[in-house]
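2 protein chains.
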Amino acid sequence: MANIYEMTHDVLYYEADETGKLSLPYILNLAILSSTMQSVAYGIGPDETHTRGLGWIVLQHVMDIKRRPNIDETVILQTYAREVNPYFATRIYKIFDTDRNELVSIESLYAMLDMEKRKMARIPAEYVALYGADVVKKIPRLPEPTKISADESALSLDYRVRYTDIDSNKHVNNSKYFDWLQDVLGETFLQTHEPVQVNIKFEQEVRMGDVISSTATIGDAQTVHRIMNGDIVAAEASATWTVAD
Amino acid sequence: MANIYEMTHDVLYYEADETGKLSLPYILNLAILSSTMQSVAYGIGPDETHTRGLGWIVLQHVMDIKRRPNIDETVILQTYAREVNPYFATRIYKIFDTDRNELVSIESLYAMLDMEKRKMARIPAEYVALYGADVVKKIPRLPEPTKISADESALSLDYRVRYTDIDSNKHVNNSKYFDWLQDVLGETFLQTHEPVQVNIKFEQEVRMGDVISSTATIGDAQTVHRIMNGDIVAAEASATWTVAD
Numbered sequence: 000m001a002n003i004y005e006m007t008h009d010v011l012y013y014e015a016d017e018t019g020k021l022s023l024p025y026i027l028n029l030a031i032l033s034s035t036m037q038s039v040a041y042g043i044g045p046d047e048t049h050t051r052g053l054g055w056i057v058l059q060h061v062m063d064i065k066r067r068p069n070i071d072e073t074v075i076l077q078t079y080a081r082e083v084n085p086y087f088a089t090r091i092y093k094i095f096d097t098d099r100n101e102l103v104s105i106e107s108l109y110a111m112l113d114m115e116k117r118k119m120a121r122i123p124a125e126y127v128a129l130y131g132a133d134v135v136k137k138i139p140r141l142p143e144p145t146k147i148s149a150d151e152s153a154l155s156l157d158y159r160v161r162y163t164d165i166d167s168n169k170h171v172n173n174s175k176y177f178d179w180l181q182d183v184l185g186e187t188f189l190q191t192h193e194p195v196q197v198n199i200k201f202e203q204e205v206r207m208g209d210v211i212s213s214t215a216t217i218g219d220a221q222t223v224h225r226i227m228n229g230d231i232v233a234a235e236a237s238a239t240w241t242v243a244d
Numbered sequence: 000m001a002n003i004y005e006m007t008h009d010v011l012y013y014e015a016d017e018t019g020k021l022s023l024p025y026i027l028n029l030a031i032l033s034s035t036m037q038s039v040a041y042g043i044g045p046d047e048t049h050t051r052g053l054g055w056i057v058l059q060h061v062m063d064i065k066r067r068p069n070i071d072e073t074v075i076l077q078t079y080a081r082e083v084n085p086y087f088a089t090r091i092y093k094i095f096d097t098d099r100n101e102l103v104s105i106e107s108l109y110a111m112l113d114m115e116k117r118k119m120a121r122i123p124a125e126y127v128a129l130y131g132a133d134v135v136k137k138i139p140r141l142p143e144p145t146k147i148s149a150d151e152s153a154l155s156l157d158y159r160v161r162y163t164d165i166d167s168n169k170h171v172n173n174s175k176y177f178d179w180l181q182d183v184l185g186e187t188f189l190q191t192h193e194p195v196q197v198n199i200k201f202e203q204e205v206r207m208g209d210v211i212s213s214t215a216t217i218g219d220a221q222t223v224h225r226i227m228n229g230d231i232v233a234a235e236a237s238a239t240w241t242v243a244d
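Chains V and R supply the protein sequences, listed in that same order.
For the first sequence, numbering that gives the first Met the number 0 gives the first residue as 0, with consecutive numbering after it.
For the second sequence, numbering that gives the first Met the number 0 gives the first residue as 0, with consecutive numbering after it.
Calculated directly from the structure, the hints in this document are not laboratory data.
A few of these clues could be false.
To be verified - The calculated DSS-like cross-link candidates involving lysine-lysine, where the alpha carbons are at most 30 Å apart (straight line), are:
1. V:K116 <-> V:K169
2. V:K118 <-> V:K65
3. R:K118 <-> R:K65
4. R:K169 <-> V:K93
5. V:K169 <-> R:K93
6. V:K169 <-> R:K136
7. V:K93 <-> V:K146
8. R:K116 <-> R:K136
9. V:K118 <-> V:K146
10. R:K169 <-> V:K65
11. R:K116 <-> R:K137
12. R:K169 <-> R:K200
Claimed, not checked - Covered stretches of chain V, as calculated for chain R (at least 3 residues, CB under 8 Å):
13. 80 to 86
14. 152 to 163
A virtual CB, placed ideally from N, CA and C, is assigned to each residue, including glycine.
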């Protein structure tokens, strides 16, 4: 059985967007916060993995949102590693309100990187034991994001990766992709639509100074996204939305 | 005597930059968090001011940094309103470590805005009473940031204001100016220098979709900054630095 980790968090004003609700980038930040805290609690946090020359990388997040919590609301952040095989792991994140209503659920696919060789590494057996993850032969695949089709008329904006986009892992904080995905949709769309699901698949790392282009098409209750770094696909994503109150 | 408000905060991983220390934008976010919490505790938080059609605006911050706290470090956020006259107020922010060593000190100048008329409003007397601020005739001016001189060869980059730059006050979160100020200096400078003082003066509001240009010159232990929104000066700033360890 997976070891479930929980912590409480009060939503801070700067974690909300203009709706006064927890923003998409901060939903992801809080999720990663909970798994980092779990790892630290088990003695296998970032310091330990870095000492071994290892680092977790995220391959995909599938995020379902029932209700985004408000500024000052206390939420429970829950996470556990569900399944692992030698090279991949699935992790579940949930955000609950204080009545244990589920607000957000995220299914994430991770792999382990040998930081020096920049290639996949085996997940240490003691990590698997500590997280209590189910050892499986094959990790079930997550659904693919909807692909952007070349002939649709698309919105597109360029973003240069900034110093403040880099976190203490010396990589672009994954939450920044949500900035780029959302911003290109424009204020009118964002003010009138509430996100219900976001599926993002990371293909290639981006670095400080890179100029990425965020492209999106707006369809019927769905947006489809691609983040390009020059000729290279950095990420693909799709999202579903409801009309906001 | 001013009513002093304090709260503790654990520095979260996403509040740090690549140095693993609390980033400049988040130093400001935590400061504003503490004064917002003070205002809410006194029943005169954002909801109350907005109901009255009022809003606080920041005119200037002068930030002195002795040591930036690390990820996971517990800090004490302290704030109080020091002086008010009918139209202006000075507020002090401090960040202490758990041994009460002062890490950061910020002196800030505020004014009150009539949100509908977009002009200065009188600070309500009951606010002054609740904050316990000294009522003075004249608010002492803060030192001016060093001016950028036109003939110096300057670094300059453009930034478009993004959806995720807007906070629940429906304005650009002031911490974003620090993104623009820092990023233009480049990774090499930022990796080798630690900020000691930042003096930023806000001249004109910027809005979503605006493209601002952040210009900076790097001098001897000092950087001088200007943020332009087209022909209009949005902010001026200067900062001093030491060579990082």
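**OP:** Given the hint that R:K169 pairs with V:K93, test it: the Cα-Cα distance must not exceed 30 Å.
**Re:** It holds: about 28 Å lies between the C-alpha atoms, which stays within 30 Å.
Original post:
Is the straight-line distance between the alpha-carbon of R:K169 and that of R:K200 30 Å or less?
Top reply: The given pair, whose Cα atoms are some 20 Å apart, holds under the 30 Å limit.
Subject >> 30 Å Cα cutoff - pair V:K93, V:K146 >> reply: holds (26 Å)
Subject >> Given pair status - R:K65, R:K118, alpha carbons within 30 Å >> reply: violated (37 Å)
**OP:** Check, residue by residue, whether the stretch 80 to 86 of chain V contains three or more positions whose beta-carbon lies closer than 8 Å to a beta-carbon of chain R, and give the verdict.
**Re:** Not satisfied, violated; 0 residues make the cut.
**OP:** Examine the stretch 152 to 163 of chain V: at least three residues should have C-beta closer than 8 Å to a C-beta of chain R.
**Re:** holds (count 5)
Original post:
Are V:K118 and V:K65 close enough, with their CA atoms no more than 30 Å apart?
Top reply: violated (37 Å)
Subject >> Restraint status (C-alpha distance of V:K169 to R:K93 at most 30 Å) >> reply: holds (28 Å)
**OP:** With a cut-off of 30 Å on the C-alpha distance, tell me whether R:K169 and V:K65 pass.
**Re:** holds (24 Å)
**OP:** Take a quick look at whether V:K116 and V:K169 sit within 30 Å of each other, Cα to Cα.
**Re:** Judged against 30 Å, a Cα distance of about 16 Å means the pair holds.
Original post:
Between V:K169 and R:K136, is the straight-line Cα distance small enough, at 30 Å or below?
Top reply: Violated, at roughly 49 Å.
**OP:** Quickly compare the C-alpha distance for R:K116 and R:K136 to 30 Å and report which way the hint goes.
**Re:** holds (25 Å)
Hint compliance for this structure: hints 2, 3, 6, 13 are broken, all remaining hints hold.
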